[in-house]
Amino acid sequence: MRRRIEGFFFAPASPVNAGVLRIGLFGATVWFAAQEDTARDAAAAAINWRPTSFFRILPAAPSDGAIRAVQIAVIVVGTLAAIGLWTRVTQRVATPLAAFLLGFDSSFGKINHRSMLLVLLLVAVLPARTGDAVSVDRLMAVARRRQAFAVEPSPAYRWPVALAQTTIVSVYFFAGISKLVNGGATWFTADAFRRFLYVRLDQLPDPPKAGLWVAAHPAVAQAAAVASVAFELSVALVLVYPALKKLILPGLVAFHESTRRLTRINFTRTLLVAWIPLVDWERLGLRVRTRFSRPKDVVLYDGGCRLCRRSAAVLATLDVLRRLEFLNARDAVELARRFPQLDPASCLKDMHIVSGGGGIYAGFFAYRRLASVVPLGWPMLWALYVPGSPALGKRLYRRVADSRLPLLHCAGDACEVEHHAETPVVRTGSL
Amino acid sequence: MKLARFWVVAFVLVIATFGFGQLEAWPFTSWYMFSHVEPAEVHVAEAFRVAPGGAVRPLSGDLVPLGLQSHRLLAVIRRDEGGACAGLLRAARVHGGGDLEVRVYEKSWRVLDRTGDRPAHVEKKLLAVCR
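Each protein sequence line maps, in turn, to chains C and R. Going by this note's numbering, the first sequence opens with residue 1, and the numbers climb by one from there. Going by this note's numbering, the second sequence opens with residue 1, and the numbers climb by one from there.
Worth flagging that the hints you see were computed from the coordinates, not collected in a lab. Among the clues, some could well be false.
[What the hints assert, rightly or not] For the chain R half of the interface with chain C, some residues (derived, Cβ under 7 Å), not all of them:
no., residue
1, V8
2, I15
3, S35
[Unchecked claim] Cβ-to-Cβ under 7 Å is the rule here; a few derived chain R residues that face chain C:
no., residue
4, M1
5, P65
6, L68
7, E101
For each residue, glycine too, the CB sits at the ideal point set by N, CA and C.
Pulled out of the complex, with its shape left as it was, chain C reads as follows:
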């Protein structure tokens, strides 16, 4: 048992899921923070300030200006944490700010249940290393080394995900336990569930028909009562039997969505946040990669140029679908063997890509090809096809490409090759 728990929390893992967890949690933080109506919160605080939890340390209800300042800080720092820039600092700064902003409306006489799970998870992973993958920090590390590299699996990447999963199932589990303790057997009677529904529906100006229908049918109401507690308690089983996620994940959607449709009690935020650590994103990515695998494009880069090596290393890291292969264009033998149709001199002058289908792209068109292959380029792909953009792109590319030549100590077509010219771009790295 102890070994099993040890393995669950501290088995070495790749940093990918911890990185996706960071993106999901801070992405949700920024999204929720942007939705906060600070003026309304400040007005509510002025009307009924009843501080709860850590808000009791405040001497008085904060002003709209103060809450808005925190909101802006959460959005800015949370965005940096989500993209993984200076992650160790931004994660630790964004978490307490988010706890303040998203928990603030629990101090007006009613506890806010919508955002508690998100803040609980932010606190759970507060000291974790989540910026070692799928982050700007990782890209910067790759650019500094000018070489894509793999991050070794470590327990440091497993425990944040495991603790987040434990926290989520605990919230559902203890909600189920509370019903057993506080409601007892009565909670499972048809009338108890009908009362639960009617109390809420009777106070709505336009109660949902589905809720009224369930409340009017005792057998259905009783089945719903039993099913909801059974589900809450069974969520914990995913920690022991991960295969059950196939049932529990859609079950969460059904559970919260039916609650919303029956009573208009909206826990969509909780649902979204609960999915983030429970999904094995790395495995999912691998499946997508396998499912959509195609012949690789070969990127020919100038291995004698620091900037080109750095760019190639960053590209290799961004290539999450593994659609690219890198070949040093200065490797004349290999170049001639694989692509005899290419002129080695022009490969050094401009970046070239040979697509899996045999198409040759150079300069601006090579970059446009990259944008279609690397997912990070997809959002801007349309701009590269707008009429006029190829002409502008070619001029821009020419200027940048030519400006690197003086840096290479080139004279005419002959360039001074750096000592690390043959350093290959390692293909084992991941974003």
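Keeping the supplied structure of chain C fixed, place chain R upon it in accordance with the hints.
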């Protein structure tokens, strides 16, 4: 990894303590949600604003924090009528202007006594007048 192990153990212990102990300190909360069986007869409070001219209108839920609505308002007004009244008057005046009065009514009904989709009978009595 020592710190990580300590953190994991401490966090799990805190969650378990709050969960099994039914303790509340946001964000360690929500365990009790919907866990109590609703009584056969429900009692809630509802606030109405009275304009100087005498027009009576419900104090809209948009103007009043959730802590001063429904069963929570009933609990607050029983515990701290002065504080609840002050809050309701502030809400009414912020949004309405002028001298206003707020009346709080207690509404009660037996939830399972129905006429179609509606409660068969809702009783309403004046609970407080806030000036």
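Next on the checklist: When the structure is checked against the list of hints, which entries are broken? Sort them ascending.
Outcome noted: Checked against the structure, the only hint that fails is number 7, while the rest are satisfied.
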